[in-house]
Amino acid sequence: MSNIDLNLSIGGPQGGGIDTSSNLISRAFASSGYNVLGVREFHSNIKGRHSYVHLRIREERPRSLKYPLDFLVALDPDTIFEHLDDVSTGTIVLYDTNDENAELAQARMIMRDTAKRINGVLQENKLDLNVKGALALMKKNGAKIMGIPFSKVLEGVELDGPATRYYNVLGASLTLSIIGLDQKFTRDSLKHIFGNKEKVIALNVKVVDAAYKYCRDNGLQGKTLPDMDAPPRMLLTGNDGAALGKIMGGLRFQTYYPITPASDESSILEEHEDIKWLSNENKKLASGGITVVQTEDELSAITMAEGAAITGARSATATSGPGFSLMAEAISFAGIDEIPVVITFYQRGGPSTGLPTRNGQGDLMFAMNTGHGEFPKMVISSGDVEECIYDSMKALNYAQRYQLPVIHLIDKNLANTSDFVPVIETKKIKVEQSLKTKDKSDFKRYTLDTKNGVSPMGVFGKDIFWMTGDEHDELGHVTEDPLIRDRMMEKRFTKLKVADDEIPDEDKAQVFGSDHAKVTFITWGSQKGVILDAIDGLKAKGIEANMLYLKMFEPFPSKFVDKILKKAGTVIDVESNMTGQAAKVIRMNTGFEVTNFILKYNGRHITEDELISATSDIVSKKKKIVVLENGA
Amino acid sequence: MAHNFRSDVAIDWCPGCGDFGIVTGLTQALTELNYGPNDVVAVSGIGCSGKTPHYLNMAGIHTLHGRSIPYATGVKLANPRLKVIVTSGDGDMLSIGAGHFVAEGRRNTGLTIILYDNEVYGLTKGQAAPTMALGEKTKGLARPNVFGKVNPITMALSSGYSFVARGFSFDTKHLKELIKKAMIHEGSSFIDVLQPCPTYNNINTMEWYRGKVYKMDDEKSWDPVVLPDTSAESVSEKFNNAYKRGLEWDDKIPIGVFYDNRAIPSFVKRIAEYLPDYLNNPPAEQIVAGTDGYTNVDPFKTFADRVI
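In the order they appear, the protein sequences are chains A and B.
Heads up: the first sequence is residues 1 to 632, going by the working numbering.
Heads up: the second sequence is residues 633 to 940, going by the working numbering.
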């Protein structure tokens with residue numbers, strides 16, 4: 001069995017079908033039994049600007065991405081320029097020879113600052129300011145340049161429309177052929193991608209065949225990789241995972257106002273609003289499906305979700321930073337009125353509109369402190385696609401169990417990561433319902449007669465009760481009575497204490513790796529995978545490391561975290577923000593001060609290689625803060 | 633026995649406030665329509681009008697400033713069996729909540745929206761509301777109003793409300809009839825209620841209105857109703873008539889039904905077209921777990937397109 005570990009980027013203009021290229025490669029490898037992890041990077045632009053997908057292919061499930069690339073596939077000249085730094089010894093650079101003479105100055109879609117930087121590098125090396133020059137630099141750095149005349153490959157192939165329309169499939173097919181994946185898998189993959197569009201499939205099969213033929217004829221075809229047995233798997237992004245988890249978790253009402261990278265989740269829910277039941281018994285249930293509403297703004301999204309929640313529907317909304325800002329007031333309302341609602345918060349680079357399509361983890365403290373006044377809320381975070389599924393179910397459960405707003409953090413990197421999930425366990429998490437009323441004759445929605453702070457839920461249409469953003473009495477009517485105010489505040493906060501006691505440690509924080517580690521990484525969100533890989537990589541270099549992975553920030557597992565950090569060696573906080581927010585939360589809750597940081601805030605994902613090298617800088621060179629700068 | 637829709641909470645509106653007439657008209661309408669206590673939900677925003685749900689003996693939410701409409705929409709969509717009433721002031725609905733007001737016209741969810749229109753912000757001591765005319769100087773204002781006014785009637789018509797009416801809070805009997813019509817209307821209904829503020833608006837007083845309001849319904853030729861078989865030409869004529877009447881605001885101010893289009897499907901119905909079981913099994917009433925307490929959803933079947 002060959003042991004492959006391939007890092008591959010395929011880039012081209014936004015709107016040029018990069019998703020299809022990526023899907024073709026991922027699904028072809030999946031059909032052959034391999035695992036693929038992918039991250040999509042793109043500008044805030046509809047058509048033209050540089051976009052790419054970074055994929056890692058292994059037999060074992062990959063958890064992170066790595067530079068330098070093994071393969072760079074350029075569907076346009078911009079890709080060659082943008083990824084100059086991502087190639088090294090052994091990287092195969094596949095490009096269209098028709099692009100060779102494209103001038104850097106003519107590449108209008110490259111950001112001005114980026115073009116200026118590349119210009120400088122090429123001039124420094126006394127190279128032509130065009131694709132040829134860039135390729136020469138890559139070659140100098142050890143890359144193997146592989147030019148293919150794309151138009152010639154498709155010569156004589158009868159297609160519908162211009163041949164350039166098929167370059168995304170062509171580039172992916174050439175790559176698969178060169179790597180040595182059997183042609184049948186590439187062909188099969190088209191069926192997955194294009195579903196029942198027979199005509200489209202037939203046309204693209206011709207492109208695949210032409211690519212494989214070209215490689216055969218020119219001695220470029222790789223030695224056929226062995227295929228392996230693999231269980232049925234689902235190819236899911238973080239957005240998909242959250243949507244699926246919400247459906248399984250009983251969500252029946254979702255609102256949203258379009259915003260990147262959150263609205264994909266709602267579109268996925270809309271596509272899958274027709275729920276398929278598990279057993280025959282359940283088939284008899286009428287399905288109303290999931291009601292998804294695109295609202296006029298985020299103020300409406302959160303308040304509409306709350307209205308539905310009070311009426312008895314399990315409901316949620318999804319947004320990212322700018323939208324979440326607008327939701328703050330209504331989250332405060334959910335706090336005082338104890339409304340079970342989930343806000344899936346997809347973080348991206350801020351402040352303000354910031355880097356609207358790029359990664360960021362700058363909203364942790366904002367999520368924790370959102371809303372005016374003091375009220376209990378829960379803040380949880382996911383770090384991989386599987387966690388997105390189960391955490392979405394848990395978020396809905398926590399909301400119901402404790403009757404409060406639950407904020408579920410997912411970062412853009414994870415939202416746009418595609419991963420293969422082999423098993424989805426339907427019996428892992430029960431779907432919990434809210435505590436319901438027993439005696440309806442004298443219903444007090446906010447009864448103080450409760451030990452755990454949770455009063456029985458009322459539902460519009462079944463119970464008469466009132467709600468108000470003002471402080472209220474047990475019935476829900478406005479009050480400013482000082483004693484009732486005190487009791488209501490205490491009742492609400494009791495829930496958070498109870499949640500802290502009831503929820504097991506592993507749902508709040510986990511330790512991965514050796515008990516006797518020299519280095520302890522602290523992180524949350526999508527760095528989970530890359531740190532796990534870095535721990536393996538560091539072990540090979542003789543550095544024993546482990547990871548304290550944080551999943552719940554409110555309530556915060558202070559005792560557990562304190563215990564781990566007190567016995568830790570060198571503690572390094574790894575986050576995709578500038579100020580080390582998780583480290584601040586730790587200090588706030590435990591008093592433990594973290595002094596070593598590996599931070600990235602340029603909006604790009606962290607790769608294994610840069611994390612290992614940064615760790616070495618801290619461990620050997622005693623650097624305190626290392627800022628990671630990779631990215632195209 | 634009919635349900636008593638007035639709660640036992642003491643009303644703290646000023647003596648002589650127009651709001652009293654609205655609560656009276658509303659509770660009488662609900663009683664005459666023979667609704668039960670669990671058939672109706674009242675939703676309000678912030679301000680004097682915002683207190684209304686507490687005065688009603690039925691489920692209610694006194695929500696955030698400007699957000700009564702989306703809260704109400706969430707309630708209605710989660711359980712379309714419920715009749716949902718929105719009681720909101722001119723500032724609440726046409727200033728901070730104006731975006732929702734327009735969006736609700738497009739949605740036509742099926743809410744009954746009652747605008748408490750007194751041209752001032754009462755609870756914050758008399759600032760000018762969006763319905764106050766340019767240059768008007770009430771006693772609550774330090775200098776004449778520097779803003780122009782929006783017209784709730786034409787704004788509602790332009791936004792797509794399928795039922796648009798105006799009432800006068802000191803003609804409770806007439807208002808009650810309007811509310812009844814609004815509540816049995818399938819789409820969203822909007823009633824602009826002229827509701828004098830005796831404390832801060834010394835210009836648009838009860839007497840001022842009494843001399844001006846007239847009932848369109850008294851005119852034999854006035855027919856604002858559009859039915860599914862009404863011709864496109866006739867629909868356009870009725871809409872234009874409603875709009876023209878909506879612009880009247882001088883010596884005479886029309887009250888009554890401006891427009892009643894029964895041919896536009898409600899948002900609830902539009903959703904049911906995509907989700908055939910939506911009305912039988914709305915989000916609030918769906919069973920979300922199997923008898924064993926675990927999910928009743930098959931992830932591989934539901935997400936079949938993601939399976940490799």
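Read the hints as simulated data drawn from the structure, not as lab findings.
One thing to keep in mind: the hints can contain errors.
As the list claims (entries may be wrong) - Below are the DSSO-like pairs computed for lysine-lysine, each with C-alpha atoms no more than 30 angstroms apart in a straight line:
id: 1; chain 1: B; residue 1: K933; chain 2: A; residue 2: K430
id: 2; chain 1: A; residue 1: K621; chain 2: A; residue 2: K567
id: 3; chain 1: A; residue 1: K428; chain 2: B; residue 2: K813
id: 4; chain 1: B; residue 1: K852; chain 2: B; residue 2: K771
id: 5; chain 1: B; residue 1: K715; chain 2: B; residue 2: K812
id: 6; chain 1: A; residue 1: K541; chain 2: A; residue 2: K563
id: 7; chain 1: B; residue 1: K901; chain 2: A; residue 2: K199
id: 8; chain 1: A; residue 1: K462; chain 2: B; residue 2: K884
id: 9; chain 1: A; residue 1: K184; chain 2: B; residue 2: K933
id: 10; chain 1: B; residue 1: K715; chain 2: A; residue 2: K444
id: 11; chain 1: A; residue 1: K462; chain 2: B; residue 2: K715
id: 12; chain 1: A; residue 1: K144; chain 2: A; residue 2: K116
id: 13; chain 1: A; residue 1: K518; chain 2: A; residue 2: K622
id: 14; chain 1: A; residue 1: K584; chain 2: A; residue 2: K518
id: 15; chain 1: A; residue 1: K567; chain 2: A; residue 2: K623
id: 16; chain 1: B; residue 1: K852; chain 2: B; residue 2: K884
id: 17; chain 1: A; residue 1: K276; chain 2: B; residue 2: K901
id: 18; chain 1: A; residue 1: K197; chain 2: B; residue 2: K884
id: 19; chain 1: B; residue 1: K715; chain 2: A; residue 2: K436
id: 20; chain 1: A; residue 1: K451; chain 2: A; residue 2: K462
id: 21; chain 1: A; residue 1: K144; chain 2: A; residue 2: K197
id: 22; chain 1: A; residue 1: K427; chain 2: B; residue 2: K933
id: 23; chain 1: A; residue 1: K508; chain 2: A; residue 2: K427
id: 24; chain 1: A; residue 1: K223; chain 2: A; residue 2: K206
id: 25; chain 1: B; residue 1: K884; chain 2: B; residue 2: K901
id: 26; chain 1: B; residue 1: K876; chain 2: A; residue 2: K276
id: 27; chain 1: A; residue 1: K462; chain 2: B; residue 2: K812
id: 28; chain 1: B; residue 1: K933; chain 2: A; residue 2: K462
id: 29; chain 1: A; residue 1: K140; chain 2: A; residue 2: K152
id: 30; chain 1: B; residue 1: K884; chain 2: A; residue 2: K191
Keep in mind it's a predicted model, so treat the numbers as computed, not measured.
Hint check:
1. Between K933 (chain B) and K430 (chain A), the direct Cα distance comes to roughly 20 angstroms. Compliance with the 30 angstroms bound is thereby established for this hinted pair.
2. The straight-line distance between the Cα atoms of K621 (chain A) and K567 (chain A) is roughly 23 angstroms, inside the 30 angstroms bound, and the hint therefore holds.
3. Restraint check: the Cα-Cα separation between K428 (chain A) and K813 (chain B) comes to about 51 angstroms, which exceeds 30 angstroms; the hinted pair is violated.
4. The straight-line distance between the Cα atoms of K852 (chain B) and K771 (chain B) is roughly 40 angstroms, outside the 30 angstroms bound, and the hint therefore fails.
5. Restraint check for K715 (chain B) and K812 (chain B): the C-alpha separation of about 12 angstroms stays at or below 30 angstroms, so the hint holds.
6. For a cut-off of 30 angstroms, the pair hint linking K541 (chain A) to K563 (chain A) stands: about 28 angstroms separates their Cα positions.
7. For a cut-off of 30 angstroms, the pair hint linking K901 (chain B) to K199 (chain A) is broken: about 36 angstroms separates their Cα positions.
8. Distance restraint check for K462 (chain A) and K884 (chain B): the Cα-Cα separation of roughly 45 angstroms exceeds the 30 angstroms cut-off, and the hinted pair is therefore not satisfied.
9. A threshold of 30 angstroms between alpha carbons decides the hint, and for K184 (chain A) with K933 (chain B) the separation of about 26 angstroms falls inside it, so the pair holds.
10. Distance check on the hinted pair: K715 (chain B) and K444 (chain A) sit about 23 angstroms apart at the alpha-carbon level, within 30 angstroms; holds.
11. A hinted pair counts as satisfied when its Cα atoms are at most 30 angstroms apart, and K462 (chain A) with K715 (chain B) qualifies at roughly 13 angstroms.
12. Using a Cα cut-off of 30 angstroms, the hinted pair K144 (chain A) and K116 (chain A) holds, with the two alpha carbons roughly 26 angstroms apart.
13. Annotation: proposed proximity of K518 (chain A) to K622 (chain A) holds, straight-line Cα distance about 14 angstroms (limit 30 angstroms).
14. At most 30 angstroms may separate the alpha-carbon atoms for a hinted pair to count; K584 (chain A) and K518 (chain A) meet this at roughly 22 angstroms.
15. Between the alpha carbons of K567 (chain A) and K623 (chain A) the distance comes to roughly 22 angstroms, so the proposed pair stays at or under 30 angstroms and holds.
16. Among the hinted pairs, K852 (chain B) with K884 (chain B) is consistent with the structure: their alpha-carbon atoms are about 18 angstroms apart, no more than 30 angstroms.
17. With a C-alpha separation of about 23 angstroms, the suggested pairing of K276 (chain A) with K901 (chain B) holds against the 30 angstroms cut-off.
18. Our distance criterion of 30 angstroms between C-alpha atoms is broken by K197 (chain A) and K884 (chain B), whose separation comes to about 64 angstroms.
19. Proximity of K715 (chain B) to K436 (chain A) is assessed by CA-CA distance (about 23 angstroms); at most 30 angstroms being required, the pair is judged to hold.
20. With a C-alpha separation of about 25 angstroms, the suggested pairing of K451 (chain A) with K462 (chain A) holds against the 30 angstroms cut-off.
21. A distance of roughly 37 angstroms separates the Cα atoms of K144 (chain A) and K197 (chain A); the hinted pair therefore is violated under the 30 angstroms criterion.
22. This hinted pair checks out: K427 (chain A) and K933 (chain B) have alpha carbons roughly 16 angstroms apart, not beyond 30 angstroms.
23. This hinted pair checks out: K508 (chain A) and K427 (chain A) have alpha carbons roughly 21 angstroms apart, not beyond 30 angstroms.
24. Restraint check for K223 (chain A) and K206 (chain A): satisfied, since their Cα atoms lie roughly 22 angstroms apart, inside the 30 angstroms limit.
25. Simply put, K884 (chain B) and K901 (chain B) have alpha-carbon atoms about 38 angstroms apart, too far for the 30 angstroms limit, and the pair is violated.
26. A hinted pair counts as satisfied when its Cα atoms are at most 30 angstroms apart, and K876 (chain B) with K276 (chain A) does not qualify at roughly 52 angstroms.
27. Simply put, K462 (chain A) and K812 (chain B) have alpha-carbon atoms about 23 angstroms apart, close enough for the 30 angstroms limit, and the pair holds.
28. Under the criterion of a C-alpha separation no larger than 30 angstroms, the hint pairing K933 (chain B) with K462 (chain A) is inconsistent with the structure, at around 34 angstroms.
29. For a cut-off of 30 angstroms, the pair hint linking K140 (chain A) to K152 (chain A) stands: about 28 angstroms separates their Cα positions.
30. Distance restraint check for K884 (chain B) and K191 (chain A): the Cα-Cα separation of roughly 69 angstroms exceeds the 30 angstroms cut-off, and the hinted pair is therefore not satisfied.
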